[in-house]
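**Student:** Each chain, letter by letter, is given below.
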Amino acid sequence: MIKYSAKRILYVIPTVLLVITSVFLLIYLIPGNPAQVMLGVEASQEEIAALSEQLGIDQPLLVQFGRYLARLAHGDFGMSIYHKMPVTKLFMMRLPNTLRLAGFAVIFALSVAIPLGVTAAVKRNSIWDYLSMLIALAGMSVPVFWLGILFVYVFGFQLCWLPISGIGDSWYTLDGFCHTILPGIALSAGLLASSTRLLRSSMLEILSEDYIRTARAKGIREGVVVYRHALRNALNPLVTNIALQMGALIGGAFLTETVFAWPGIGRLLVQAILRRDYPLVQGITLATALFVILINLVADLCYTLLDPKVRY
Amino acid sequence: MLRRRYSVLPTIALLAMILVGTFCFAQEEGHYGGTLVIATAKDASGLDPGTTNDNASTMIYEQIFDCLIAFDKDFNIIPSIAESWDVNEDSTIWTFHLRSGVHFHDGTDLTAEDVAYTFDRILNKPELASQKRSQIVMINTITVLDALTVQFELSFPYAPFLGATGQGIVSKAAAEAAGAEFTRNPIGSGPFKFVEWVPDDHVTLVRNEDYWMKRPYLETVIFRPIPENTVAIMSLMTDEVNVIELVAGDMVPILQANPDIVVQQVEGMNYYWIGFRQYASPYTNVKFRQMVNSAIDMDGIIANVLLNGTGSRAYGVVPPGLWPRDLDFMKANAIQQDKELAKQLFAELIAEGVMTSETEVVFHVNQDAVRELIGEIIVSELQSIGVNAVLKISEWAAYLDAVIKTEEPCMYMLGTTPKIPDPDAVFSWLFSSGEDGSTHGSLILGLSEQPEINQLLLEARTTPDQSQREELYKEIQRWAITENAYHIPAFHLSVTMAHSTKVHGLVALPSQIWMLCTETANVWVDGN
Numbered sequence: 006m007i008k009y010s011a012k013r014i015l016y017v018i019p020t021v022l023l024v025i026t027s028v029f030l031l032i033y034l035i036p037g038n039p040a041q042v043m044l045g046v047e048a049s050q051e052e053i054a055a056l057s058e059q060l061g062i063d064q065p066l067l068v069q070f071g072r073y074l075a076r077l078a079h080g081d082f083g084m085s086i087y088h089k090m091p092v093t094k095l096f097m098m099r100l101p102n103t104l105r106l107a108g109f110a111v112i113f114a115l116s117v118a119i120p121l122g123v124t125a126a127v128k129r130n131s132i133w134d135y136l137s138m139l140i141a142l143a144g145m146s147v148p149v150f151w152l153g154i155l156f157v158y159v160f161g162f163q164l165c166w167l168p169i170s171g172i173g174d175s176w177y178t179l180d181g182f183c184h185t186i187l188p189g190i191a192l193s194a195g196l197l198a199s200s201t202r203l204l205r206s207s208m209l210e211i212l213s214e215d216y217i218r219t220a221r222a223k224g225i226r227e228g229v230v231v232y233r234h235a236l237r238n239a240l241n242p243l244v245t246n247i248a249l250q251m252g253a254l255i256g257g258a259f260l261t262e263t264v265f266a267w268p269g270i271g272r273l274l275v276q277a278i279l280r281r282d283y284p285l286v287q288g289i290t291l292a293t294a295l296f297v298i299l300i301n302l303v304a305d306l307c308y309t310l311l312d313p314k315v316r317y
Numbered sequence: 009m010l011r012r013r014y015s016v017l018p019t020i021a022l023l024a025m026i027l028v029g030t031f032c033f034a035q036e037e038g039h040y041g042g043t044l045v046i047a048t049a050k051d052a053s054g055l056d057p058g059t060t061n062d063n064a065s066t067m068i069y070e071q072i073f074d075c076l077i078a079f080d081k082d083f084n085i086i087p088s089i090a091e092s093w094d095v096n097e098d099s100t101i102w103t104f105h106l107r108s109g110v111h112f113h114d115g116t117d118l119t120a121e122d123v124a125y126t127f128d129r130i131l132n133k134p135e136l137a138s139q140k141r142s143q144i145v146m147i148n149t150i151t152v153l154d155a156l157t158v159q160f161e162l163s164f165p166y167a168p169f170l171g172a173t174g175q176g177i178v179s180k181a182a183a184e185a186a187g188a189e190f191t192r193n194p195i196g197s198g199p200f201k202f203v204e205w206v207p208d209d210h211v212t213l214v215r216n217e218d219y220w221m222k223r224p225y226l227e228t229v230i231f232r233p234i235p236e237n238t239v240a241i242m243s244l245m246t247d248e249v250n251v252i253e254l255v256a257g258d259m260v261p262i263l264q265a266n267p268d269i270v271v272q273q274v275e276g277m278n279y280y281w282i283g284f285r286q287y288a289s290p291y292t293n294v295k296f297r298q299m300v301n302s303a304i305d306m307d308g309i310i311a312n313v314l315l316n317g318t319g320s321r322a323y324g325v326v327p328p329g330l331w332p333r334d335l336d337f338m339k340a341n342a343i344q345q346d347k348e349l350a351k352q353l354f355a356e357l358i359a360e361g362v363m364t365s366e367t368e369v370v371f372h373v374n375q376d377a378v379r380e381l382i383g384e385i386i387v388s389e390l391q392s393i394g395v396n397a398v399l400k401i402s403e404w405a406a407y408l409d410a411v412i413k414t415e416e417p418c419m420y421m422l423g424t425t426p427k428i429p430d431p432d433a434v435f436s437w438l439f440s441s442g443e444d445g446s447t448h449g450s451l452i453l454g455l456s457e458q459p460e461i462n463q464l465l466l467e468a469r470t471t472p473d474q475s476q477r478e479e480l481y482k483e484i485q486r487w488a489i490t491e492n493a494y495h496i497p498a499f500h501l502s503v504t505m506a507h508s509t510k511v512h513g514l515v516a517l518p519s520q521i522w523m524l525c526t527e528t529a530n531v532w533v534d535g536n
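Line by line, the protein sequences are chains A and B. Residues 6 to 317 in our numbering are what the first sequence lists, from first letter to last. Residues 9 to 536 in our numbering are what the second sequence lists, from first letter to last.
Quick caveat, the hints were computed from the structure, so don't treat them as lab data. Remember, it's a predicted structure, so these values are computed and weren't measured experimentally. Treat the hints loosely; a few may be bogus.
[Said to hold, decoys possible] Below, simulated EDC-like cross-link-like pairs (lysine to aspartate or glutamate); rule was C-alpha separation at most 16 Å, straight line:
(1) A:K89 <-> B:E135
(2) B:K180 <-> B:D128
(3) A:K94 <-> B:E189
(4) B:K133 <-> A:E58
(5) A:K89 <-> B:E189
Just need the whole structure built from these sequences, with the hints factored in.
**Tutor:** In structure tokens form, the structure reads like this:
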């Protein structure tokens, strides 16, 4: 287990280096000058040249990359060109907001997906099964931003049940919770859909196993058979799915945050790309990549807890 | 007897009218307290008036800071922090006499030292990367004569200088102490004090109880960035916000039909045009530019793209609200759509060897629903007369690279909003390539150097005689548009603002200045 974890952590190093290099190259290769964007179309060439020099973006690409790596080695993600603030500070300011949204989305998705997926498998071809398939199909095919606007229109505008935009008060207050509901549910759609489908098929497979038949033959209650014996073994693919969906979840957060005017990391990244705020784009992408890698690592380690047969 | 009765009736009627009038007037009187929530399209980039110049930031810091001068609703310059000013004969030395008893929000006095510091840091602090520098680059020296008198000496006479002094006065002590953080902790002397800025969520201001001019009615003002226009409109309709600064054209009728919402629309002080980067043939050829102009139905484009009054046709470069628009002449001489003429000019260009039917004519626009649609229409109009026109759409940063950084000959679409309400702010940038402290926009935008025009522009910006300036700008405009077709004037975007009927005293202005508490305005809200 320890050996496996160490090996997995070592694998992270080349992945991160690859991410750093590709993000650095990608942002520099697309056209656009941050000094020009900051100073606007009416700035003189002299003003743009002076700001470019001040920001260090007039240096050759390799020099800039070397400086970036040197700073990174010291744990310094640099200063945002646009906000004139350390990238780490900006990131940490927004991180709780995105975590609040993503956390709500994961909890909501699993709270709906697990009972729905299990019921769909246990009562195959029933109304529950068709409902789960419908939800899965809709959740996978409807774009997050469209779903967001639909929620705003129906629940915020027509029914006036919930606030339309913004983050509200702190997460633990009623106001904060109410502000999280609509964007959180919109964001959860993809994860909810894929988890329901996956759990259903996984449960169907497990429910036809011999040991389940044996458990039933021994007279164990159906609820115990389903939830203690079958569900636990069906959870492994679900954990993999959650880990894989984290990237999509963060990608969805970029859109959801824009629709609901949510001050999170996604919106910050979109604006940073449009403004060619190189250090901020690099910082957020790197942190997001590390987060996804970490989640996948945790998911791998979780398998041993869920399934005693799995050994590393 | 009868005559006496008749003489009493008008008196009663008059008294009744006075009473009703008094009552109505009393109804229009504002009341103190309440919160105004304004939905903006973007978040501020910074709240230091010395550095940023974008609309989202300006609309907020204008409430926090005062300037030496102010503008009334008709763009007339009126005193503000400067009670009065003197100027020498050749308009190179300006002396401002400051109002006494003005305090910053931290309680310290506003003095001439603060005024001098405000202008000096814009000019001489490169680390600020101020976007205001080009507006006041003509200032040579700044001298503090006494605690309430400051003098500016210009390196050349500059007629619009008074307008250029509209820079938010910062507290020297607070700005120096805060350093780079001043942009997130601004301290001014304006009607509202800064409370907090949660980036991408809200900026909160509260009433400055000691404001020298008057006590603002509003207790709190909150600016909330909501990037999705549809969501902003629904937020207005459900009372989550009280005002939205910009309304998309297709949403105007929906809001107008709502009895609880007021839509205000005025022509904006801006100018959008289709330009030619004249680095190579055929873009350098006046016949080519006229051909493009003749192929386009600009009236049709505006009617079908800028819906419900969200834009009006431009005939010249001077935006609404500025002078001299010279509208009679410019309208009479505007090139109208004439496909036959366009085809004929195209044939002549081919015959003269200027271009062939294969020559690719590239039209760059940036990602924006309105500009993309206009681009598609123009390109299809050109294709319909046989021109091999191609539309290239890119996001803003890449677009700026294409139309400013490279020397690629092409057509492009841009807009400008004068930073000070003076024609020099438009003309110098668009057409000057001279060494006069302007930003040489004409060269950036691909016009060749024109020494005579540089001379005319220099004369127009230095002469104090208003009528002479008007004539000079008219001459330059006619030269650029009517004679040479350097630009195809496209449109002026309207300022379309919507607010709840609970909001009183708010007026949409062409300059998009938000007058929440000024000499002529004091906004208030009902019901809280």
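**Student:** Each hint should be assessed against the structure and marked as holding or not.
**Tutor:** Status of the hints after comparison with the structure:
1. A:K89 <-> B:E135: The hint holds at about 11 Å.
2. B:K180 <-> B:D128: holds (11 Å)
3. A:K94 <-> B:E189: holds (13 Å)
4. B:K133 <-> A:E58: holds (14 Å)
5. A:K89 <-> B:E189: At roughly 9 Å apart (the allowed maximum being 16 Å), E189 (chain B) and K89 (chain A) satisfy the hint.
In this structure, every one of the numbered hints holds.
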